[in-house]
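Asker: All chains should be modelled from the sequences, with the hints used to inform the complete structure.
Numbering (the working numbering), first residue to last: 1 to 197.
Since the hints were made in silico from the structure, they are not lab data.
Incorrect hints may appear among the rest.
Only pairs whose alpha carbons sit at most 30 Å apart, straight line, appear in this in silico BS3-like list of lysine-lysine [as the list claims (entries may be wrong)]:
1. K153 - K127
2. K118 - K60
3. K28 - K181
4. K28 - K127
5. K76 - K181
6. K164 - K127
7. K46 - K60
8. K28 - K67
9. K20 - K127
10. K181 - K118
For each label pair, taking beta carbons as the anchor points, the in silico distance ranges come out as [what the hints assert, rightly or not]:
11. K60 - N185: 35 to 41 Å
12. E157 - S38: 16 to 22 Å
13. N125 - A39: 22 to 28 Å
14. N185 - N125: 17 to 23 Å
Virtual Cβ for every residue (Gly too), placed ideally from N, Cα, C.
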Amino acid sequence: MSTTTSSLRSILPQLEAALKSFQSSDSKFRIVRSINPSATSPPSPKTLFILDSSFNPPSKAHLALAKSALHSSSTKQHQSPYRLLLLFSTHNADKAPSAASFPQRLALMTIFAEDLLKDLQSTANHKDYVLPTVDIGLTTAPYYTDKSLAILKEGSEQYPDSPKHVHLLGFDTITRFFAAKYYPNFSPPLSALNPYF
Numbered sequence: 001m002s003t004t005t006s007s008l009r010s011i012l013p014q015l016e017a018a019l020k021s022f023q024s025s026d027s028k029f030r031i032v033r034s035i036n037p038s039a040t041s042p043p044s045p046k047t048l049f050i051l052d053s054s055f056n057p058p059s060k061a062h063l064a065l066a067k068s069a070l071h072s073s074s075t076k077q078h079q080s081p082y083r084l085l086l087l088f089s090t091h092n093a094d095k096a097p098s099a100a101s102f103p104q105r106l107a108l109m110t111i112f113a114e115d116l117l118k119d120l121q122s123t124a125n126h127k128d129y130v131l132p133t134v135d136i137g138l139t140t141a142p143y144y145t146d147k148s149l150a151i152l153k154e155g156s157e158q159y160p161d162s163p164k165h166v167h168l169l170g171f172d173t174i175t176r177f178f179a180a181k182y183y184p185n186f187s188p189p190l191s192a193l194n195p196y197f
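Answerer: So, in structure tokens, the structure goes:
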């Protein structure tokens with residue numbers, strides 16, 4: 001626990017600065033940190049797994065969701081190389097800001113990414129898992145359709161090959177994903193989801 005606390009404290013100033021820079025810009029998407037499990041520069045991904053990270057704090061369920069996506073039985077359905085994006089929206093559609101500040105939540109996401117990669121490496125059958133670079137990203141977009149659009153438009157430097165977006169959704173999120181109230185600018189509302197199917 002003390003290692004986690006000291007790790008959190010050491011990265012908070014950098015994350016606070018990155019957050020302020022993002023919030024004072026017109027950007028709708030930005031990567032603020034990347035955790036690369038290898039010493040080589042990561043290749044441009046063809047598949048981008050996106051885990052919406054408004055969770056506070058990350059839980060074992062979030063870990064299981066990410067691990068299931070990175071298992072070889074899941075990844076073989078998608079083109080490699082892979083990347084995982086933990087995406088935090090500064091404007092959440094449903095949830096009010098929590099007790100943890102935005103920089104603290106970004107720090108928790110960073111620790112989650114590091115723990116995920118360690119967990120995948122230490123798993124008995126670690127060869128069954130992909131070890132991707134994990135990006136920590138910010139967006140101002142509250143809805144999935146807008147988030148994907150922001151990544152496509154403003155993430156071309158990090159993702160030049162326009163990777164396929166695979167959103168990792170838990171049950172609570174999937175019910176919101178299919179709720180028509182989030183797509184008032186579309187007629188019919190759920191036509192907003194056509195790019196996903």
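Asker: Look at each hint and say if it fits the structure.
Answerer: Now for the hints, and whether the structure bears them out:
1. K153 - K127: violated, 34 Å
2. K118 - K60: holds, 14 Å
3. K28 - K181: Status holds; Cα separation ~22 Å.
4. K28 - K127: violated, 36 Å
5. K76 - K181: violated, 34 Å
6. K164 - K127: holds, 24 Å
7. K46 - K60: Holds: K46 and K60 sit about 27 Å apart, inside 30 Å.
8. K28 - K67: Between K28 and K67 the Cα gap is close to 28 Å, so the pair holds against 30 Å.
9. K20 - K127: The hint is violated at about 39 Å.
10. K181 - K118: Distance ~39 Å between K181 and K118 Cα, so the pair is violated.
11. K60 - N185: 35 to 41 Å: Between K60 and N185, where Cβ atoms are some 37 Å apart, the hint holds.
12. E157 - S38: 16 to 22 Å: holds, 20 Å
13. N125 - A39: 22 to 28 Å: With Cβ atoms ~24 Å apart, the hint holds.
14. N185 - N125: 17 to 23 Å: violated, 46 Å
Going through the hint list in order, the structure does not satisfy hints 1, 4, 5, 9, 10 and 14.
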